[in-house]
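> Here is how the chains run, residue by residue.
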Amino acid sequence: MNQFISLFQASIVFGTVILFGAVGEILTEKSGNLNLGVPGIMYLGSIASLIGVFYYERYAENPIPIVCILIALVCAIIASMLGGLLFSFMTITLRCNQNVMGLAFNIFAGGFANFYGGSLNKLAGGVGQINVLATSAAFRTKIPSYQSLGPFGHLFLSYGFLVYLAIFLAFAISWFLTRSTVGLNLRSVGENPATADAAGINVTKYKYISTCVGAAISGLGGLYYVMDYMKGTWDSDGSVEGLGWLAVALVIFASWKAPRAIWGSYLFGMLSWAYFYIPGLTRSSQEIFKMLPYIVTVLVLIVVAYQHKPDNQPPNALGLPYFREDR
Amino acid sequence: MMKHKKKEPLFRISKSGFVPLHKAWAIRIGALLLALVVCAFIIYSIIKLNPLKVYGTMFQGAFGTNKRMWVTIRDTMMLLCIGLGLAPAFKMRFWNIGAEGQVLVGGIASAACMIYLRGKMSSTAVLPIMFVCSMLAGAIWGFIPGYFKAKYGTNETLFTLMMNYIAIQLTSYFVALWENPYGSNTVGVINSRDKFGWFPPIFGQMYGLNVIIVLVLVVFIYIYLNYTKQGFEISVVGDSENTAKYCGIDVKRVIIRTMIISGAICGIAGFLAVAGAGHTISVSTAGGRGFTTIIVAWMAKFNSFVMVLFSALLVFLEKGAMEIASRYQLSDYVSNMIIGIILFFILGSEFFINFKVRLRQRYAKDKSQ
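Going down the list, the sequences are from chains A and B. Residues in the first sequence are numbered consecutively from 0, following numbering that gives the first Met the number 0. Residues in the second sequence are numbered consecutively from 0, following numbering that gives the first Met the number 0.
Just chain B, with the same shape it has in the complex (with noise of 0.2 Å):
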């Protein structure tokens, strides 16, 4: 009996079953200001300041002024664009991490069209030439790995990637081929002189379009994965690839359907970051945003409205850390490590909605029962 009862670990750990949505809520956000204050505290390690102050920094430096707040809200849309792009993709179980690829395409595509349609057409009947080749581009670069998948059962994270490195390649092809000025070995700005291509201010805003566009998007995937026969169908291969044969679904074309959609919005994406944001094309043009968004995707569960605020945070927080950079003159990539660490405790807490942990029970409780 005593060896027995030197074996019982200390915690004990089952799964929870149903969690009320407000408590898998509050989970959450304790975590996040969990994370909020293990960061202040290494804030202060590294620049010895109040760390509330620094907060009120990040605040500024993502909606200080009037153009930092629209950068903020043109950043969360790019974000929540690739994030749209790749929930069809995830909610199939298919680890599409080639976003970055994507929208590199979707971005050569576009700049392709204002460069070589330029001074053959007016600017506006330009932007949906552009959307389209920007979303058979993202098209053609899903397709591929989605083909693969389906036909022979290829490892598709790893098929993805390459596909992203191969964009890579081929994005530093274009940009030796376009470069201007010659020898500079980047593209700089396309057709600053009479904006050809690039979007129209809207209502006055310079980014009203992008807004648009990707809330037009966050509606039309939300119906898609929920209210579709196609979206059901998505749901059904990630849950269960037998059970949706033996439903008759046909996996194969799900497979690669999804794939053309997810591989499609990741390339407007590029075409919003062309067109309506950078007015270059570069090998960071994605900027690492197609490895950001898997973590937003997941983390949202692919609930398009959910997204909306898991890339207003991100971008909110890559915003303000920058700040804190540039103001107390620290590598920008500080702000890599405090969004890593964010991350680190919304993917932990995770943990503590679907499972239980109790303690050990005392000796003496276990005896009188």
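Looking at chain A on its own, in the form it has when it is part of the complex (with noise of 0.2 Å):
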């Protein structure tokens, strides 16, 4: 049982990396922009909200929670958005190739918060590890008394607040997306943005406005990365861009409808640690357990392909650039 709830609240906190990456891209997306560059995104994220703490917690002398998280948060969503900004301008401006600007833009993105990861490790000294305690503490603040509810509270309570964030935005998104006008609008700029402007829809706006506040999203997966998985460390093996991928592929896997991201990201997160809690795994037939989340993405997206369900399909414009004069 106790190895049950330690694989269920790893998974869960695994898995609210991608979801955040994932509802962001899901937005992203819909709009008919295939941003790549989510890795990046979250690089970029998880690098500005350390650097804004780190300076916060060296100069106040008792750092106040809420302005830790405060200033961690408003760090990633600018340094995201400024990432997303500029992969906009790039794609529907200058109308540059999607994927080929999102691979360009992950090693600009994972070049620049190494960079600057390991500047701050070596100001902050010692062992050459930053470590932002304070705020990372703040992030992982649980719902009091958790345990009195015995597993249950274990459970699903065990979390700091980001993990619940992601949830609700994972159904907000959804909401807006298929309740309301602008989502519906959205949604036409994806499909088909030619007929949307010819309904007077501003396609440009539409697709700036849903880059930028994707990439925000997708940012905070940075930002819970560095402050809860990490634990307010930095660690340049490049992980962020292995879990940034990942959510570029639960957007597939949930087929571009966010709640089915949210228990798809914890399956995610349970395979990926599986091999933790199976006893009697040598050391190279862990590495092999460590392959089953992509080969799950991979048999998903046969399946998907297969059953050819009209729902389940990518937004029709996906990855193309509009250009008002072309046929």
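Calculated from the structure, these hints are not laboratory results. There's no promise every hint is true.
[Stated by the list, open to error] Some chain A residues near chain B, calculated using beta-carbon distances under 7 Å:
id, residue
1, L93
2, N98
3, L102
4, F111
5, N113
6, W244
7, R282
8, E286
9, K289
10, M290
11, Y293
12, T296
13, L300
14, A304
[Claimed, not checked] Label pairs and their in silico Cβ distance ranges:
id, chain 1, residue 1, chain 2, residue 2, range
15, A, D234, B, P180, 24 to 34 Å
16, A, L266, B, G182, 28 to 38 Å
17, B, K66, A, R323, 50 to 60 Å
18, A, K230, B, G63, 39 to 49 Å
Note that CB positions come from ideal geometry on N, CA and C, so glycine has one too.
Make one complex out of these two single chains by using the hints.
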């Protein structure tokens, strides 16, 4: 039982990182913009929040938790929105190929984040590890006295507030896309921009805003990664990048439906940590088990394509640039 | 009328149609120079040194000594080889972002030959076997997503991406299996004593064979894509699948065949990385090159000779930036940042080749007409 609880908790922590990434990417992709730069956006979100909080914790004698949280959130959102803005400018205004731009963006953002991450480690001195304990603790503040509720409390109430924010955002985005006029307009831009344009919808504006807001949400995944998953430290082994790619895969797994991404992300988390809880694995066979989330994604890709349900298809104009004078 | 005038946008964008080659290249080179200026500002803001001097350092980093020059050449060849592998797939509009994985499985195959065939044959006899094994491994890794794309229309971008991670885990598995010394979690240099399965020096150069293999591939891919029936089929499928079907081209077959070729060449890149460069295998054997080369292939419009130029440029930038990093005690990652910025400029410059931008004309000018 204890083992199950700890696996469950680990999966939710893992899942929340990619859930943020995927929810943001769903919003972006619904406008027809395929942002493969999610790993890069998450890099930016994580490093920006870390830098902001690092300086605050350094100069404040007693960091106030709520201020820590606000600084981290604001930094992460601004940085990832700027990333989204750069991506939008290049793909929407300059009409670059979205895939190529996404990959170039990852190279840039990965370099940027690890460069500043490394410098911060150096600035922090000592063992060469930066640590923003106060903020990380603030982000990991749990609902008081959750233990008194037994296993239920441990399974569902033992997380920082970002876990619940991610779930809330998933439902909110889903409501926005399916139940509001603006969401309907947004989806029409993703399905057929020329028709949307003819109906008087400002395609450029919709694409810009949804890509930037989507990037901000994805960036929160980076924030959660650094503050909760890594407990306020920086490690340049590129695991944010791997998680970012999983977030992109999760979008497909969830077939562009945010609520489906919730359990999908926790399932990915469970598959990723499964090796840790299966007894009797050698170090080499553990590596084989770590393949599971990727293999499952591949299987889902095949099944979704095989079934060919109209409900599960990507937005029709996904990845295509729109130029009004094109036929 | 007045209301109408207000709505006229500041810029008017239109397609530019045919652009002469020299003008297109002038725009690209202009973008590159602009990128270098922007990077100079960034470098200056970080280390407060004369950027021109820093660029001089870059040059030294890439070509400073004979050895450095050969390392630059070796890495260019590696990047080029992957780019050549990607070109057929991308020309077919098949987004193969799985080069990373295809290189890794090729590398695993080579390393396996080096480890298990040692002592059973001579070092020159094993090289062709390694070549074929790596090619096959890469071909299988390319075939799987190609098959499912052709058969069920799966999304190839994500499929190939996932294949990367599966290959990375497979590499970790073999690293744990072959680790040497025990407990180090690295394979170490394979056969360092008798150099079994290493490329022999050619004309006294360690990396001579790398250059020869890749240059042969450059010519092969150029001819294959431009002057053969299969190459023609690839470009028809890439431009319009419906046209291809109408012409009686078996689209599924072309997709699968092209992906096998694409994967096989990336597998060869893995062979070069293991037998001709690192003599070891690790998860960073491909080192993100699978992604970087996509940009190389894309910018070169899949022309293999132009690819030589772009891969040399990228490797030069990488080596140069690494030299800056070590000389001024910065983190290595600064090179990725600089490369990223330069890529943005080069990608952005395509817009000014494909489109014409006109500023809003003055009201008075309108009136007089």
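> Does each hint fit the structure? Answer for all of them.
Consistency of the hints with the structure:
At its closest, the beta carbon of A:L93 sits 4 Å from a beta carbon of chain B; the interface hint therefore holds under the 7 Å criterion. Given hint, A:N98 at the interface with chain B, holds; its Cβ is 6 Å from that chain's nearest Cβ, closer than 7 Å. With 7 Å as the threshold, the beta carbon of A:L102 comes within range of chain B, its nearest partner Cβ sitting at about 5 Å, so the hint holds. A hinted interface residue such as A:F111 counts as satisfied when its beta carbon comes closer than 7 Å to some beta carbon of chain B; here the least separation is about 5 Å, so the hint holds.
Restraint check, A:N113 versus chain B: the minimum CB separation of about 4 Å is within 7 Å; hint holds. Here the hint on A:W244 is kept, as its CB sits about 6 Å from the closest CB of chain B, short of 7 Å. Satisfaction of the interface hint for A:R282 is found here, the shortest Cβ-Cβ separation to chain B being roughly 5 Å, below the 7 Å cut-off. Taking 7 Å as the C-beta cut-off, the interface hint given for A:E286 holds, the closest approach to chain B being about 4 Å.
At its closest, the beta carbon of A:K289 sits 5 Å from a beta carbon of chain B; the interface hint therefore holds under the 7 Å criterion. A distance limit of 7 Å between C-beta atoms decides the matter here; for A:M290 the minimum to chain B is near 4 Å, and the interface restraint holds. At about 4 Å, the closest approach between the beta carbon of A:Y293 and any beta carbon in chain B falls short of 7 Å, and the interface hint on this residue holds. Evaluation of the A:T296 hint against chain B yields a held restraint, the C-beta minimum of about 5 Å falling below 7 Å.
About 5 Å separates the beta-carbon of A:L300 from the nearest beta-carbon of chain B, less than 7 Å, and the hint is met. Checking A:A304 against chain B by beta carbon gives a least distance of about 4 Å; that is within 7 Å, so the hint holds. The supplied range of 24 to 34 Å is met by A:D234 and B:P180, whose beta-carbon atoms lie about 25 Å from each other. For the pair A:L266 and B:G182, the supplied restraint of 28 to 38 Å holds, since their beta-carbon distance comes to about 34 Å.
For B:K66 paired with A:R323, a C-beta distance near 55 Å keeps the hint of 50 to 60 Å intact. Checked against the hint of 39 to 49 Å, the C-beta distance between A:K230 and B:G63 comes to roughly 42 Å, which is consistent with it.
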